[in-house]
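Visitor: Both chains come to you apart, so use the hints to assemble them.
Line by line, the protein sequences are chains X and Y.
Numbering-wise (my numbering), the first sequence opens with residue 1 and increments by one.
Numbering-wise (my numbering), the second sequence opens with residue 1 and increments by one.
Simulated from the structure, these hints should not be mistaken for lab results.
Note that this is a predicted model, so its numbers are computed, not measured.
Check the hints yourself; a few may be wrong.
Label pairs and their computed distance ranges (CB to CB) [stated by the list, open to error]:
hint	chain 1	residue 1	chain 2	residue 2	range
1	Y	Ala-385	X	Ser-69	23 to 31 Å
2	X	Ala-237	Y	Gln-34	20 to 28 Å
3	Y	Val-432	X	Asp-128	22 to 30 Å
4	Y	Phe-151	X	Lys-308	52 to 60 Å
5	Y	Leu-261	X	Thr-268	53 to 61 Å
6	Y	Leu-326	X	Ala-237	43 to 51 Å
7	X	Thr-303	Y	Leu-261	53 to 61 Å
8	X	Ala-237	Y	Thr-47	34 to 42 Å
9	X	Thr-106	Y	Pro-390	53 to 61 Å
When the alpha-carbon atoms are kept at most 27 Å apart in a straight line, the in silico DSSO-like pairs for lysine-lysine are as follows [claimed, not checked]:
hint	chain 1	residue 1	chain 2	residue 2
10	X	Lys-177	X	Lys-191
11	X	Lys-27	X	Lys-73
12	X	Lys-150	Y	Lys-169
13	X	Lys-185	X	Lys-150
14	X	Lys-197	X	Lys-244
15	X	Lys-226	X	Lys-244
16	X	Lys-197	Y	Lys-44
17	Y	Lys-44	Y	Lys-177
18	X	Lys-191	Y	Lys-44
19	X	Lys-197	X	Lys-308
20	Y	Lys-487	Y	Lys-453
21	Y	Lys-148	Y	Lys-177
22	Y	Lys-487	X	Lys-73
23	X	Lys-185	X	Lys-308
24	Y	Lys-408	Y	Lys-453
25	Y	Lys-148	Y	Lys-453
26	Y	Lys-487	Y	Lys-169
27	X	Lys-103	Y	Lys-169
28	Y	Lys-453	X	Lys-226
29	Y	Lys-487	Y	Lys-408
30	X	Lys-197	X	Lys-27
31	X	Lys-73	Y	Lys-353
32	X	Lys-284	Y	Lys-408
33	Y	Lys-177	Y	Lys-487
34	X	Lys-284	X	Lys-308
35	X	Lys-150	X	Lys-197
36	X	Lys-150	X	Lys-177
37	Y	Lys-487	X	Lys-103
38	Y	Lys-44	X	Lys-185
39	Y	Lys-177	Y	Lys-453
40	X	Lys-150	X	Lys-191
Glycine is no exception: its CB is placed at the ideal position from the N, C-alpha and C atoms.
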Amino acid sequence: MKHIFKILRPQLLFLALLTLAANASAKLNVVVTTADLASIAAEVGGDAIAVTTLAKPTEDPHFVDARPSFIVKLNHADVVIEGGAELEIGWLPALLDQSRNDKLVTGAPGHVNCSQGVPLLDVPATLDRARGDVHAAGNPHYIIAPSNAKIVAQNIAASLAIVDPPHAALYTANAEKFRAALDAKLIEWQKTLAPFKGRSLVAYHDSWPYFAREFGLTIDLFLEPKPGIPPTPAHLAEVIMKMKTENASVIIVDPYLNRRTAETVARTTGATVLDVTQFPGGLKGTEGGYLALLDHLVNSLATALAEKK
Amino acid sequence: MKLNNLLGVSSALCLCASVAQAQETNEVEQLRQQLRQMQENFEKVQTEQHRQIEALTQKLDALSKPSSAEAEQKKLEAQLTAELSPATTNPPAAALPAKSWSLTDPIPVVRAGSAYMNLSFDALMVAGGSTESDPSSQLQLGDHDPIKNGFSMRNAELALDGAVDPYFKGFANIVLKLDQNNETSIELEETYVQSTSLPANLQVKAGQFFAAFGRQNAQHPHQWAFVDAPIILTRAFGPDGLRNLGVQGSWLLPTPFYTELFLSVLDGQGSTAFGFRNPGDPDNLGVDRFHGRATVSRGLRGPGDLVYVPHLSSSFDLTDQQTIVLGTSAAFGPNDTGNGLATQVYGVDFYWKWKAADAHEGYPFVSFQTEGLYEIFQAGADPTAPVPLPAETLRDWGFYSQVLWGFKPRWVVGLRGEWADGNSGAYDASDVYRGERTRVSPVLTFYPSEFSKLRLQGNYDHGELFGDAYSIWLQLEFMLGAHGAHKF
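This is chain Y alone, in the form it adopts within the complex (with noise of 0.2 Å):
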């Protein structure tokens, strides 16, 4: 009786809706012959006023040719406005298509072109879990992993960019981000701004900025291929990546091909710098520490502790298919374990992209990216330490290695292989930046459209710290507004 009832109700209800659908759909009929009329007219009216506006110009023409009596050309001007009078009465705004504006229609917004910038913002939310209770202590140390289990947002950053001036265009992505409490911090990742006409082939960029080393460094998390931040680059350069406050000149090469040579000359101060004038983290005590050691906290004393990064990138199409990206990076500076300690940072990054000659939105394609890294560090000695450290030069290696085949529109699948390695140091038995981790992550991503992205990877993690770790990761992106262009 009662499944009767409920039958009854639903189809009835059923009903109801596709009554409502009819008119609904014999509505939107309506308007789009409404909309195609006016736009009919619209052009109609258009195509007349090009039509009067050209014959009256060469008229004009003809007549100021031969005398330009004053007259003559009041009399035209008079003649001009009267025959264009009714596009002043009727100006085109009036006659488009649109109809008035409710409360409910979204808010017409950036035009490309009509406004001084571009202005988006991007949202990065993970879901999934760890075999390890603390992703973020050992596994995830990329600061815009995910640290927990359960939920994190480690990236929701708005993203400005345009021209400040003929001289210079203005770039700044400020970046919001909850953490393990869900508290809400806020980083300025970048502020920047970039000459567009030296002389020279030369280009300048000042601010904070990702320094150009190696290629995922100066990519935000958004462009990445993966949820997490390759191993070997938060070993070099922490959770952030190399980026710093400074100036980068980068010069392009007249080769045939494309060469270009980038110097970043950096602050190098804080933990954006990592392995170099970086207090560390505080320890129990209030100490603050860097690979074990008490650092010194000193400020600059002259050009020698500032932090250098040459970078020079080639590239070539191999094939109008194929295009391949090449490079060696370095970085120099001081660090803050003693005094007269410097770190050295090395590395060579290789791309290689295939895409379909009549490929569909970009697919199918096949890319392949890795990078290799390679550190020395002179850490100083810390007799006071816990466990008493001595002075020695710490060098760290490793590699990421990924490919990610663009299979149909929309989807791409990927992995990616990581190993980190270093020499042994006093201090290996608990720091979570040293000894050996080797990582592979199989990835699935789905672009619903250019505008948002879910993504499914998981991880097998194996340290010498934690054993075995398996992990996976539901990772889901939007971004609202005009977006800059990215780089190959």
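With the rest of the complex left out, here is chain X (with noise of 0.2 Å):
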């Protein structure tokens, strides 16, 4: 017995990693470029599909290296998911060339741009870099509205059920029930930040006009002068002239940018420095996923705005 075990241990070896590499390649294998995408996928894909993230969720999406491991996991994958609308334009076309995984080029199934069918803010009417890194396709960060992030998990949902049939009705299940889900929590957001409306906010960064649109805010001062561009002296004495007028008193702050300029703006003006981010992670509390997310931010903008009457 144990001499016929001795002998078949080798084929008995090859047949355990066969069902090992079988058992791995069941889920669908899935690359996002950034967390809140990851965590929409992630609610659409069910355990059907395994999520790898490749931004931080600390990290600014626009400004992500290229790193080689990016490659091997892009070259593993079966989908790659990007916010698209110039988002990743830095660093993700480069690592598909390298990919080598023709499920994932543009136009393929497999290459799930988000931003299809959400209609963009901001789109300028002619190129010009004299304003500033501006985007041609539109303000990329759209997915921080839940009307979008309904939008995001159809096209996913669309996508995944391309590339992998036999789950086709799971996904598009589980896009409806995070609709359902999402729609139930937008109205309790809704009511938490209904106090608010019309109220005035300023952000460092040009990447909040979704968000302020779907809850009736106003952000649109910014400590940068153009997009990409440094605050200056001069940009912010009008910014400060501006609070006053507007009655702005909360300066929102993603984690990866200069939160030293929002302080001392907050100093001479009275403002709170409210920290903020757009992906599951980026903040303690926020690690939930995308309604998590979404519940912090609408909790603790509600709090800094009721402080500041």
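Guide: In structure tokens:
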């Protein structure tokens, strides 16, 4: 008996490895660029997919290093999900070129550009870099608005269904479930922020227009004079003056932006600096995913705005 | 009196200016409001249409399920056409906040994804000087280095890239540069296609391209952290780097970490295949010489005359903030200083980068890069040279190491140290590509935006041939258009 086992051992090992490999490949391998997309993809894909995120949630999604390890991740991927609208233009195209994975080429169902069907804001009428680092396709920070997150979920579900037909029903159902959960939550969030309708907020970078629109806030004062151009004293002075006339008393800052500038402005104006993020995991208390992130954002904003009547 | 007058005039001017500014601000405010209104209107129309489309699609679904009667379909079609007609008479483009284009407006150019290729123009110019009267003769041997005291522009490049078809991507870099007399010369720096859909993790490149050897050789000057090319690279690969016509295959190995194996097969002829079948430069009598030897000009006789460049590169993420890339490379081929003579170049490269987890626009970061090269060059005998030269094996080696610190957004400070040396050869006394050389270069770079940079670099040089030399260079770069993303 022992003998037989000994003889068969290599074969058994091979079999074991084979089943292991089969198990590993049973899940659809999905690579996403940012943590917000990762959360939505996980909601839609459920147990049928394994999600790998490239950018860290604390990282500026425009300036991610095209690490070679990402090439390997993309090489193994069945699906890549990007925000699109030039969000990842500085790093993803080179990685995709090197990944030599034809499932992920632009136009293939395995390449999901989530911005499809999203009504993008701030589409420049003319392209002129004298206005700073503008995005030709429009403002790419759209996922933070729940109504856009629904479109994203639908885009992901539609693509996953094509790539992985056996689970098509699951993806559609999950996207629907996510949409319903979001709709229910949206009412709650709207209610929380309703008392602050029309209130003015200051942001460092113009990455919050979709959120502002969703919740009836005004976020049109920026510490940056132009996208990608760091604050100058003259511009900050102008912002401070406008903060007074617009009664803007909360400055929101993403983890990767310069908090010190915001603090300086806050000191002069008596405003509050509020840490915000668009990515689950970007701040403590947002790790739970997209819904947890929005919960955190809405509640902390409401608290900050209530304090500063 | 005069002063008073002047003051009066200037204050009047100031007043005018501020009035004009106020008017301008007013106008801007109005325009903004108008824009906002139009945007809101447009969005309203759009959402309404979205809603209508959705409602109608649902209707259509519901109706088409029970029966697919043609009449019903036609009815719906008519209904759809009627209900959506405002959309056709009032297309979104008309509702866009765009004012009509006037002559003074910038011309709308290529939008990402709406053109068939990325198109960019990148210019690098340098002003500065050196204690050497002709820096290009011994100090700055790179073709894109500053070549003279005063101003030089050695790299104004047009870069094109895009998908050729579902099977290839195409790249082209056409470089214009000004020579010592500010005459323009043109160079087809790179022009190649790269496969996109080969099986087995393979990729093929074909055309004229920078060989995958080490780290910096394959980078374009505007990616460099210094204004000039490292000494050891110009020694092994000449002013232009190893860049030639040929084919490159690469294979992404099935390892859990990044490992890629490259093999380039190059034509190996000319000054961009420096230590290989390169006729060299003509002397006073018009005889082509390389390392002092008159070269034999010969065509290709077989695959043995090509240049082969294997390269292996691996990368690991040490932590979420740290990445390293390690590489080894070699280049083999014949040279033109005689028959049956070969050149071998070996190299190792190392790159490490740390970037803060909450980096703002990619800052702060610290990176370290180093490359070491070793060249074995079988030089032929040239008894007819002004000083008769024997057959000998020239061995050269050297390295450069550079550390960069992006200490705050848009600012990078760096330091590079270099050293190169070789065994002694019969022609060393007049060979600018040989002998011991040391260079230390501090550098400070400021990036006003992603599309421009200002760089101040100092060089302390020491060489067997020229003793000590000091240089200071100020570089300006600007980029127009859409430029493809760079590798790590």
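Visitor: May I ask which of the numbered hints given earlier this structure violates, with the numbers listed in increasing order?
Guide: 1, 3, 12, 17, 30
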